[in-house]
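Engineer: Given chain A's structure and the hints, the job is docking chain B onto it.
Number of protein chains: 2
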Amino acid sequence: MNIVITGGAGFLGARLARALLARGTFSLRGAPARPIQQIVLADLGPAPADLAADPRVRSVQGDLLSLVESRDVPAAGTDAVFHLAAAVSGECEADFDLGMRSNVDTTRALLQACRAQGSTPVFVFASSVGVFGRRPGDGPLGTIADDTLPTPQGSYGIQKFICEQLVADYSRKGFVAGRTVRPMTVAVRPGRPNGAASSFFSGMIREPLKGERARVPVPADTPAALASPTSTIEGFLRAAEASDEQWGHRTAVNLPSLRTTVGEMAQALEKVAGKEATALLDWSPDPAIEKLVRSWPGDVAWERARGLGLKADPDFESIVRAYIAENADAVRLKVR
Amino acid sequence: MNIVITGGAGFLGARLARALLARGTFSLRGAPARPIQQIVLADLGPAPADLAADPRVRSVQGDLLSLVESRDVPAAGTDAVFHLAAAVSGECEADFDLGMRSNVDTTRALLQACRAQGSTPVFVFASSVGVFGRRPGDGPLGTIADDTLPTPQGSYGIQKFICEQLVADYSRKGFVAGRTVRPMTVAVRPGRPNGAASSFFSGMIREPLKGERARVPVPADTPAALASPTSTIEGFLRAAEASDEQWGHRTAVNLPSLRTTVGEMAQALEKVAGKEATALLDWSPDPAIEKLVRSWPGDVAWERARGLGLKADPDFESIVRAYIAENADAVRLKVR
Chain A
0 MNIVITGGAG FLGARLARAL LARGTFSLRG APARPIQQIV LADLGPAPAD
50 LAADPRVRSV QGDLLSLVES RDVPAAGTDA VFHLAAAVSG ECEADFDLGM
100 RSNVDTTRAL LQACRAQGST PVFVFASSVG VFGRRPGDGP LGTIADDTLP
150 TPQGSYGIQK FICEQLVADY SRKGFVAGRT VRPMTVAVRP GRPNGAASSF
200 FSGMIREPLK GERARVPVPA DTPAALASPT STIEGFLRAA EASDEQWGHR
250 TAVNLPSLRT TVGEMAQALE KVAGKEATAL LDWSPDPAIE KLVRSWPGDV
300 AWERARGLGL KADPDFESIV RAYIAENADA VRLKVR
Chain B
0 MNIVITGGAG FLGARLARAL LARGTFSLRG APARPIQQIV LADLGPAPAD
50 LAADPRVRSV QGDLLSLVES RDVPAAGTDA VFHLAAAVSG ECEADFDLGM
100 RSNVDTTRAL LQACRAQGST PVFVFASSVG VFGRRPGDGP LGTIADDTLP
150 TPQGSYGIQK FICEQLVADY SRKGFVAGRT VRPMTVAVRP GRPNGAASSF
200 FSGMIREPLK GERARVPVPA DTPAALASPT STIEGFLRAA EASDEQWGHR
250 TAVNLPSLRT TVGEMAQALE KVAGKEATAL LDWSPDPAIE KLVRSWPGDV
300 AWERARGLGL KADPDFESIV RAYIAENADA VRLKVR
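Going line by line, the protein sequences match chains A and B.
Residue numbers for the first sequence follow numbering that gives the first Met the number 0, beginning at 0 and rising by one.
Residue numbers for the second sequence follow numbering that gives the first Met the number 0, beginning at 0 and rising by one.
Mimicking BS3-like on lysine-lysine, the simulated pairs with C-alpha atoms at most 30 Å apart in a straight line are:
no., chain 1, residue 1, chain 2, residue 2
1, A, 290, B, 172
2, B, 209, B, 290
3, A, 274, A, 209
4, A, 172, B, 290
What follows is a set of in silico ranges between Cβ atoms, one per label pair, in the way DEER data are often shown:
no., chain 1, residue 1, chain 2, residue 2, range
5, A, 32, B, 290, 32 to 42 Å
6, A, 22, B, 96, 29 to 39 Å
7, B, 190, A, 26, 53 to 63 Å
8, B, 302, A, 53, 49 to 59 Å
9, B, 89, A, 118, 25 to 35 Å
Keep in mind that the hints were calculated from the coordinates and are not lab data.
Model, not experiment: these values are computed from the prediction.
Note that the Cβ used here is the ideal one computed from N, Cα and C, for glycine as well.
The following block holds chain A by itself, in its conformation from the complex:
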């Protein structure tokens, strides 16, 4: 089996590759599992060293649209594509044309290339809860279900929602076997703050554990719909594995979410790493960030994902402990 992961050198892409390589075999659309021969990681950046060292991994670097147009990606005989690469929301809002190219044009070119294979490859598309947004004058978003009407309030959300439509129709035509999932905000991400408005969801845990101060730019009662990296990767894998019948509608599936608040996240941090940790949090609201974050869905239902056997993280404490277990080097405080 040959698999392509776009954004394959990124945090989630690399984790997905490691999960697949660890399994060794994989099942697509309910068919019997087969050995994984090759995973192509397509990304602007180089693949992490551990992945580059695996003989089953091929790293292809460059702008994805160019790679697709030059037919470097996907290789002939590709059985499944996990399409995670995208320009992020801030970029899309700052540069409209860049977002249209990186998200819409690239996804369409990739779908066309899959169609040209003639073998209906599985196409797992990572959409976003960014497709949901509160229209001016609308009340609070309320509970977002799989079938809630998306009304994106940013170019990123519009572009993701357009791609959801493309994946649905390419699937209906039999060009690909599309699986559109909407991941939740992923926390805790390792590494450094990335400037995204959502960056603090990880930073408020990661930096204090490192013994560094972190700003929390929203009040404690701010709701959040989160998922751990592990839970998110499980969602991607299950989407590819599910039979067409299990998958059901061609419309998008919300991945499982833990519904929590920023205050509960801080409490979990304190439980795991004590008051030394929470003393490093600077609760200093930024009205612009608060407004943006409160416009995001904080209450996301995931009925179809449950039907696929997926589960949400049980609580935020377990997410913090998993982060610590995987990132011992980046933890300076004493964990209890």
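Structural biologist: This is chain B only, laid out in the frame that chain A set:
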């Protein structure tokens, strides 16, 4: 004021042009009315003679995407675009790439050209109730509201829904003042049957009035959401006239619909033209057409259109009588 109508030589486009020329002045986005200096009719075919003879009309013939790419359309200083041109559903289903080009790529190029004007022209986009469709395994469509989740079951509907998203985001960015409307099935259309599955909605009235036989390929209880040509044109005009505040959300507005059934349509025909007319109907169900037609919305609510002051046709009889008044040449039966 300079106006562009794409599909401007077609039945609805030409009617829209005539309505605008008859007014002489027009108001955009709640601003005071201004004289109409020029209406550009962009179409594959030539403009009807009456329009071509009007000094305010310029007819531009050709493939719309090519016309936009060569900058023939829109001309500099365009204040409003009515974008009605599209590949129809049968074409889009038979030739996927043609549909993507004619509908998605052309609309996007036209939006880009409007953006390049730098003056935020009004952009009335004729979407379609074809964005609604019953997913396999779903129950009946039920009542379709402005905010019902579209789940298109054909490439045409997907393409129209993608364009709805583009118009919304180009509007949010201030590139155009977008007004997306979803017209109902338009009846009674003059002329000849056009091979579309919906063609019989007009044919079952038009042909008998001509003294010719017409097949009705669905049972009498088949629901239909219809609008007369006049009502449809009113919707296009009102969309351009409404102020931003009156218009409200950037999402699409369902135009007014008369909710009727095929049986009631036949009764109206009989009331107007007697049993001689209905004796010319061949009630001979075609399971394929019936399945398709029943997958279309038959019950469409139009709350936002009502808020704009628009009205549905009062009954089908009035639609038949209006058709007869406008197409006396094509009526051979005696009307009572």
